[in-house]
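S.K.: Top line first, the protein sequences correspond to chains A and B. Whatever position you read off the first sequence (first residue = 1), add 280 for this note's numbering. Whatever position you read off the second sequence (first residue = 1), add 1191 for this note's numbering.
Simulated from the structure, these hints should not be mistaken for lab results. Don't take each hint at face value.
[Stated by the list, open to error] Restraint-style ranges between C-beta atoms, simulated for each label pair:
(1) B/1285 / A/495: 19 to 25 Å
(2) B/1248 / A/333: 41 to 47 Å
(3) A/613 / B/1296: 27 to 33 Å
(4) A/368 / B/1253: 24 to 30 Å
(5) B/1313 / A/499: 22 to 28 Å
Glycine included, C-beta positions come from ideal geometry on N, C-alpha and C.
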Amino acid sequence: MSGATTPSLFPLQNGGDPVLLPEHITELTGLGQFGLAGELLATFVAAFIVGNFILAMTGVAGPWAKRKITASFTDRIAVNHLGPGGIGIIIADAVRLLAKENIIPENVDRPAYDLAPIVIAGSAMLGFAVIPMGSGIHLADPEVGLAFVFAVAGIASIGLVMAGYASGNKYSLLGGLRAVAQNVAYEIPLVVTGMSVVLFAGSLQMSEIVAVQNETTLFTIPGLEWAVPAWFALVNPFAFVLFLIANFAEVGRNPFDMPEAPAELIAGYQTEYSSVYFVLVYLGEFLHIFLGGAIIATIFLGGPAGPGPDELGILWFTLKIWGVFFLTQWLRSAVPRVRIDQLIEIGWKGLLVLSFANLGLTAAIVGVIA
Amino acid sequence: MCMRFKLPNVTEMNDWIAIGALALVGVLIPLGMMAVSYLLRPSVPETSKRATYESGEIPTGDTRVRFNIQYYMVALLFLIFDIETVLLFPWAVVYLDAVESDAVSLLEILGPMVLFVTILLVGLAWAWRKGAVQWAQTPRQVETEHNRP
Chain A
281 MSGATTPSLF PLQNGGDPVL LPEHITELTG LGQFGLAGEL LATFVAAFIV
331 GNFILAMTGV AGPWAKRKIT ASFTDRIAVN HLGPGGIGII IADAVRLLAK
381 ENIIPENVDR PAYDLAPIVI AGSAMLGFAV IPMGSGIHLA DPEVGLAFVF
431 AVAGIASIGL VMAGYASGNK YSLLGGLRAV AQNVAYEIPL VVTGMSVVLF
481 AGSLQMSEIV AVQNETTLFT IPGLEWAVPA WFALVNPFAF VLFLIANFAE
531 VGRNPFDMPE APAELIAGYQ TEYSSVYFVL VYLGEFLHIF LGGAIIATIF
581 LGGPAGPGPD ELGILWFTLK IWGVFFLTQW LRSAVPRVRI DQLIEIGWKG
631 LLVLSFANLG LTAAIVGVIA
Chain B
1192 MCMRFKLPNV TEMNDWIAIG ALALVGVLIP LGMMAVSYLL RPSVPETSKR
1242 ATYESGEIPT GDTRVRFNIQ YYMVALLFLI FDIETVLLFP WAVVYLDAVE
1292 SDAVSLLEIL GPMVLFVTIL LVGLAWAWRK GAVQWAQTPR QVETEHNRP
């Protein structure tokens, strides 16, 4: 950057090290010499990389990992023909699903029916913008990070209602309504529990929340001299468990998979979707599981932190969100589904009250200690 | 000294430009997949194929039926509590700083928010007693449950 006259998107570049991915890309490719246009292009490239990284992870999870995990739990083999461990099924399934005929039923509400899959998939992807994934992969770091990620994750509800209502199918309608009743019941415990983390960190900025967790030492294991970082899951395990439960309901996974309970509603809001539309709705659900995992990893599990050099950050981060994904699949195999009336009662009478108790106690404890 | 609004300059906007870029990518990837699928997939028009799915039967009646009032009551409650969380966020952000400074006592920081949350929880208790967060059962359902061994 020469001189103060050139407007630059990245003022930090002049002083400290680059922090965010767009800056890294600008430096690596030398796009900075083209001024603002070059930097905008670098930002777009960075966003494209992040989007595709998430998409690749969902690609592995949906057609392959999910089947393999469920098969292991139920003592079966699952996909094993294409490639080592059957991993080639990812490509075969992608081609198969995209090449299906797109059957659009007569009674659908056209624009809404077509837009819903884009809303569901796109909103989940947008949430990853503020997640620090380690190894310099961090697209943006606004001061309102945590509030932003909750807000964006909430957009999916609109997509689900659009899909449910526009399909013109009774199962879809009920599935969409259930999805909203569920999101509405669990959104507040989720946000309020997330707020108890903000009380510790004193900031909504994602990089700040991660830094606070890893700067402080909770205790040192005697004899081994291992400093245990103050990850919020260790500081406040109660909030961690509450957040996990609310998160599973929020992304509609077992035992809270009411909206698409196959035995009652065929496939809920995705009943009338086929071909690429079905892929997008399905993809959006997996993106949401991973977004939930990313939020949990960031605010409770120290983000990309782990043993070894900082460059391994992305590895630890991926490991943490796959841990959460594994947990959802474990619950899918092990826990029966709750009924809709139980679901509403667990949310409004149980989790909501507990999350406010958690917030009050955390505030009191932080106040007394400080 | 008077306060003046200042437009954020381009350097302060870079986070939101990056988020906007991901939003664009988030729309372009689904559109790209739709385009690929459009090139690959066959089209075999057939009248009965496009009927609304109802477990293989001919669909009966209209889809936009009347549905359970429960969904509506719960949504009203949600609206109140969601606005509350929005009001709680700024408090949570400044809480640690406020506690660590000696200017204000703990009671002054915690008190108003506890009062605010309590008022809303009283509201929840009222809704609870009124049965708004209880899933309504039809007389037939109650009867079946009563007769269950």
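S.K.: Quick check: which numbered hints come out false for this structure?
M.R.: Going through the list in order, the structure violates hints 3, 4, 5 and respects the others.
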